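Asks: These are the residues of each chain, in order.
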Amino acid sequence: MKVLVANIEDVFREAAARWTLIAYFCLSSIFIIIFAAAVNLDVVNGALAGAKLFGKEMEVGGSFSIEKLVTGFEGGFASLLYVLSIFMAIFATAHLVPRMQDKGTIDLYLSRPVSRTKLIGSRYLAGLLLAASNVFYLITAVWLIVGWKTHVLHGKIFLAGGLMIFMIASLLAFSFLVGVITSSTGVSIMMTYGLAVFSIPLMAHQKMEAAFSSDWSAYLLRGLYLVLPKVTEIGMAVFGFVLGQNAPEEAQKAMALQPFVTTALFGLGCFALAAVAFKRKEF
Amino acid sequence: MNEAVIEVRGLRKEYRSSFGRRVITALDGIDIAVHPGELFGLLGPNGAGKTTTVKVLLGLTAATAGSASIGGRPVADPESRRHVGYLPEGHKIPNYLTARQALSIFGRMSGMETAAIRSRSVELLEKLKLSQWIDVRVKKFSKGMTQRLGLACALIHQPQVLLLDEPTDGVDPVGRREIRDILRDEAKNGVAVLLNSHLLSEIELTCDRVAVLRAGKVAAEGSVEGLTRTGAKYKMVAAPIDDALVAAFRESGAGVDRVNGHLELSVDNVEHLNALVDQVRARGVMLSELAPLRSTLEDVFVDLVKAPEVQP
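Protein chains in written order, with this note's numbering: chain A, 1 to 283; chain B, 1 to 312.
Careful, some of the hints might be misleading.
To be verified - Partial pick of chain A residues on the chain B-facing surface, computed with a CB cut under 8 Å:
no., residue
1, V5
2, T105
3, D215
Simulated from the structure, these hints should not be mistaken for laboratory data. Quantities reported herein were computed from a predicted structural model and do not represent experimental measurements. All C-beta atoms, glycine included, are put in the ideal place defined by N, C-alpha and C.
The task is simple: from the sequences and hints, build the whole structure.
Replies: Take a look at the structure:
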């Protein structure tokens, strides 16, 4: 526990001193301010009388319920936050392993009575906590603004926050693996973003498989789809969880168990490999 | 003597070049034992294996063969480092931390409680003349101050073993003396200190015992006094020294060199030396100084490093 506390202190102090923490929360705050300024809702006696988005009048049908509007807003913004939070989290944490592995720094950490697995594990949790604190800040702010503007509060958007942290955890494990092997922050960031971008079109793997002429290429694509994290599906699930039964069919499908299990297994696999590589590494 | 707290037996370390084609032997079966309260110096030219030895002791790199233990525990066990303080050469304490924060993080990683870290930090920074800098970020520190903070990080948890790589690097002469005094105090309190330095004068002034490494082997080991003693050689200052006296000494079988107005004598034993003194007295020569000749540690080091390697 002391090792974890020491790493959390180290990670947060570094983030604060290097302006990462400030930039992280400034970017998030800009998003929140834009969101707060863009959405103008006219609620009369619990019913939506009018709505403006970025100053533009929106058509509001008589049967449109305020609840539906709120979940729609939260679902849409949660999807946006999903992309934003992943982008910022990787950027803010990818240096954690490469910097620790610097000559003259790693000796200071490894000369303590701490196993390497515990050291990298606590570093990982500290990084995840940093990313989670930003997700929590973003989600809570959006939730409060929507509540302030519509007087409707429900907590489904926090579930979306949980899914964001879940996706970040999986990608962060990959970033740690690259960091342990290459000791390069730049490569960690590039590879993790590359992985996320590469995995996006794989959701349509069935259509792509049908277009392939050889079986092995189809199997390879399916294998990649199964192994890699499901960035698109989890993103759709974020939307789906907030909208609930009102979610479109695609989002409902993404809420199945398979994308979550395979994404979790990918993260666990990457972290296990990172821990083994770190344990075997000679400094 | 107490049981050794650092024990290295037949330690061997081989590095492989890319694709494993070439094997480089960094350590070739070295044996070292450091006891509680001892100041032990590790000397050697670049690439002799000093840093590799320390790295193996800290579990930073794994030995190819042989064994190494600290406090009776094999170095592969992280618990062996529970009571070890380490100051690496060219260490990089994260420069975004203040001295207080650095001590807090490394103290906690060594299992210390917050209250103990707080009181020990104040005490150590006072001792190392850094108390005014306690809340200043490390990036504002000079090299010597960073080095002193590194020593504080190594000492924060009151270790029983200190592994120090160039501890006085970048420190001014007064600071060096202060660090030497701190190390002596630690040794008096039973701490085993392993000092790795290129500054031979520093080792000579600080250490009780040294080992000289060459090409991964221990070329010589012993007390500083023992290694610097040149055998039966003496310096004699007397007046007047004439050719007849020198000739008489040579007749007795002694080796005689005139050096800067005094004589350097090579004798067979103490009896032989006393016979020469009798001759000095018999001739009415005034003897003002007679002392055994010693080399500096640097002389010993250079001789050992330059000597051709004996093949087994």
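Asks: Run every hint past the structure and note whether it holds.
Replies: Here's how the hints hold up against the structure:
no.: 1; hint: V5; result: holds, 6 Å
no.: 2; hint: T105; result: holds, 5 Å
no.: 3; hint: D215; result: violated, 36 Å
Comparing the model with each numbered hint stated earlier shows that hint 3 is the single one that does not hold.
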